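A.B. asks: The listed protein sequences derive, respectively, from chains X and U.
Read left to right, the first sequence gives residues 2 to 421 (the numbering used here).
Read left to right, the second sequence gives residues 48 to 299 (the numbering used here).
In short, the hints are calculated from the structure, not lab data.
The structure displayed is predicted, hence computed values, not measured ones.
Just so you know, not all the hints are guaranteed correct.
Claimed, not checked - Calculated cross-link-like contacts (lysine-lysine; reagent style BS3-like; alpha-carbon spacing at most 30 Å):
#1 K211(U) - K265(U)
#2 K32(X) - K280(U)
#3 K32(X) - K261(U)
#4 K235(U) - K32(X)
#5 K250(U) - K288(U)
#6 K185(X) - K252(X)
#7 K377(X) - K165(U)
#8 K87(U) - K112(U)
#9 K211(U) - K209(X)
#10 K265(U) - K52(X)
#11 K266(X) - K179(X)
#12 K211(U) - K252(X)
#13 K217(U) - K132(X)
#14 K235(U) - K216(X)
#15 K32(X) - K87(U)
#16 K372(X) - K117(U)
#17 K297(U) - K367(X)
#18 K335(X) - K165(U)
#19 K226(U) - K19(X)
#20 K165(U) - K216(X)
#21 K89(X) - K187(U)
#22 K142(U) - K367(X)
#23 K174(U) - K19(X)
#24 K165(U) - K19(X)
#25 K169(U) - K250(U)
#26 K84(X) - K261(U)
#27 K252(X) - K174(U)
#28 K250(U) - K280(U)
#29 K234(U) - K32(X)
#30 K211(U) - K372(X)
#31 K52(X) - K292(U)
#32 K87(U) - K142(U)
#33 K280(U) - K169(U)
#34 K32(X) - K115(U)
Stated by the list, open to error - Among the chain U residues that face chain X by a calculated CB cut under 8 Å, a handful are:
#35 E159
#36 R212
#37 V245
#38 Y260
#39 F268
Just so you know, even glycine gets a beta-carbon here, dropped at the ideal spot from N, CA and C.
Chain residues, written in single-letter form:
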Amino acid sequence: MSFQRIREKLNILADAAKYDVSCASSGSNRKNTNNGLGNASSMGICHTFTKDGRCVSLLKILLTNHCIFDCAYCVTRKSNDIKRAAFKVQEVVDLTINFYRRNYIEGLFLSSGIFKNADYTMERLVAVAKKLRLEENFNGYIHLKSIPGASDELMREAGLYADRLSVNIEIPTKEGLKALAPDKNHEDFIKPMKKVKNEIIQYKSEKKIIKSTPKYAPAGQSTQMIIGASNENDMQIMYTSNYLYNTFDLKRVYYSGYIPVSYDKRLPMIGTEVPVLRENRLYQTDWLLRFYGFDVREILNPKHPNLDLDIDPKLSWALRNLNQFPVDINKADKMLLARVPGLGITSVNKILSARRFRNLNWEHLKTIGVKLNRAKYFITCNSRYFETKDYSASQLKQIIVQSSNSKHKKAFTGQLALFT
Amino acid sequence: MQATTLVYDGSFNGFLTTVFEIYEKRIALPIIKKETDFQKDFFSETDTIISSSDKAKRVFKGIKKLLKTKGCNTIYYAFLSEIIGVENTLYNVIKYAFTTQQNIISDYSNVEVLALSKIARKVSREKHRMEAFVRFQETKDGIYFANIEPDFNVLPLINYHFTKRYADQKWIIYDLKRKYGLFYNLKKTEIITLNFNVTTKKKDWFTLNENEYKTLWKEYFESTNIEERINTKLHIQHVPKRYWKYLSEKQP
């Protein structure tokens, strides 16, 4: 193959794929049983990190950036004047195998612009995965995009070769989608998700009876929403996300701060700052829902439609619910401990293990590595001394914000500094 | 009371044998040292331990009964850190388990247990990094070759991962610091030592395509970057500078 030509294509098609933030290679249990190449690591491996700090785990490329759609928020939209390119199926296969053999990557993340029609595009994505699995004996990770509108038959085949399938709903609200991507409609995104969910359930139940039933998308499906392109609030985003988790058993919803790529009047101007902090708060909320036993309505509701930027969502919730504290470190159950600001799941697990040996006091908590500067206002332990003052929520917030060294602190103290 | 210095050969079996001897000879104040770290002084008693796999097995069985697989892993990982004096922390934790006859491996409010778990975590992190940052280059005789200089002796730990993963290609991972490596010959993985100067700098060892793939990978890495989100601090936190030497994408 001609390396020069491949280099050009790779530059164009990797650049166009970078706005998809998902790079997870975890959650699959595909084993190297045929003495072939590759063995999916269930915890996932990041082989390097981009200069903006994101993990690089997969070879993430578009098959082509030719597209018949004209979605305002997308770089590869039809009306955008950019260089176009397309890979041949075999070229993607060769690249993946050769990168994998050198331990550059965990596998392939293949997406595509829509050329001709949905089925034509999906067929080619499936062809790459099929070739990798059947001809190259490849057992590494494959993430395919579900192309909205592709036939059921193709979607079924895709899941047989891929570890994960995803379809990005991109805009969290129906109204936003109508304004920014008039060619697409909400149903197009929902349909493939539903299809994949049902297939996963069906294959799983068949596998219980017939052991040789093949795996169907063992790492599940995920989606992505762009944050800050239309003017949705945090409540709308998280309620959508919650709905997707509950309805389609998604493994992950990704939140991607909108990076201005267009002079379109409907969108934030080029040069607008990427809302990274807001993105971070949304991820924190996502974690609270999935691992900390919170209900989305506790964190976001019509009274609090947006997340605080200066404090994390758990602390914000705790300050609104001071009546539930303090919590006794030596008695409280796991889910209650997990609600204490400053305690992560790792600390909670350590506390649970350590307290089987003795009642814990402040010293013990410190050795274990609990961040007390925040937690101490919300807990009691085996010690006569504890925070006895009754602070109001706003006092407490001020104390904690001042004593903490948040990496985001600059963003908030900068303005204050003018007046002091 | 006088301390007794016990000198062993540096192997895991040797260490376990040492623990056996401490109990057998009822040594009250043992200090365990590797041959290579040991300098004789005139004031303490010394005893040289001869490794015995039978004795080692008996001790290991005893440990496993109390600390289960998780505890055994913690102990083995921490041992591979090769941190000077780690044997004594290990011994104290094993003694704590034998005395209390309990699984104390998660008693994190005990200082020694916590210290051990932290060391094991460090080793485990280094293992994971090596699984991520090893970069193979294809030699002219079809062997995928990589060299590493890990902070800890993680080759025994990454063996399984690479053997499973690259079952259809020959490969070598060579530890330059400890001067030994793993060689997979399509059937099984063996420990090897090479008696020539090992380097990946020699261009004529490798296939012509090797450089092309390196370039492709490097350019791919460049084009995944989103200029608007640049965050160098986070980047370096994830890929500490001491690992850059392995990564072709970080070479000028």
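A.B. asks: Could you run down the list of hints and mark each one as holding or not?
C.D. replies: Verification of the hints:
| no. | hint | in the structure |
| --- | --- | --- |
| 1 | K211(U) - K265(U) | 27 Å, holds |
| 2 | K32(X) - K280(U) | 36 Å, violated |
| 3 | K32(X) - K261(U) | 28 Å, holds |
| 4 | K235(U) - K32(X) | 18 Å, holds |
| 5 | K250(U) - K288(U) | 24 Å, holds |
| 6 | K185(X) - K252(X) | 24 Å, holds |
| 7 | K377(X) - K165(U) | 24 Å, holds |
| 8 | K87(U) - K112(U) | 36 Å, violated |
| 9 | K211(U) - K209(X) | 26 Å, holds |
| 10 | K265(U) - K52(X) | 13 Å, holds |
| 11 | K266(X) - K179(X) | 15 Å, holds |
| 12 | K211(U) - K252(X) | 26 Å, holds |
| 13 | K217(U) - K132(X) | 23 Å, holds |
| 14 | K235(U) - K216(X) | 28 Å, holds |
| 15 | K32(X) - K87(U) | 51 Å, violated |
| 16 | K372(X) - K117(U) | 26 Å, holds |
| 17 | K297(U) - K367(X) | 38 Å, violated |
| 18 | K335(X) - K165(U) | 23 Å, holds |
| 19 | K226(U) - K19(X) | 40 Å, violated |
| 20 | K165(U) - K216(X) | 38 Å, violated |
| 21 | K89(X) - K187(U) | 28 Å, holds |
| 22 | K142(U) - K367(X) | 25 Å, holds |
| 23 | K174(U) - K19(X) | 28 Å, holds |
| 24 | K165(U) - K19(X) | 36 Å, violated |
| 25 | K169(U) - K250(U) | 34 Å, violated |
| 26 | K84(X) - K261(U) | 24 Å, holds |
| 27 | K252(X) - K174(U) | 27 Å, holds |
| 28 | K250(U) - K280(U) | 33 Å, violated |
| 29 | K234(U) - K32(X) | 18 Å, holds |
| 30 | K211(U) - K372(X) | 39 Å, violated |
| 31 | K52(X) - K292(U) | 17 Å, holds |
| 32 | K87(U) - K142(U) | 26 Å, holds |
| 33 | K280(U) - K169(U) | 21 Å, holds |
| 34 | K32(X) - K115(U) | 26 Å, holds |
| 35 | E159 | 11 Å, violated |
| 36 | R212 | 5 Å, holds |
| 37 | V245 | 18 Å, violated |
| 38 | Y260 | 6 Å, holds |
| 39 | F268 | 7 Å, holds |
Hints 2, 8, 15, 17, 19, 20, 24, 25, 28, 30, 35 and 37 from the earlier list are contradicted by this structure; the remaining hints agree with it.
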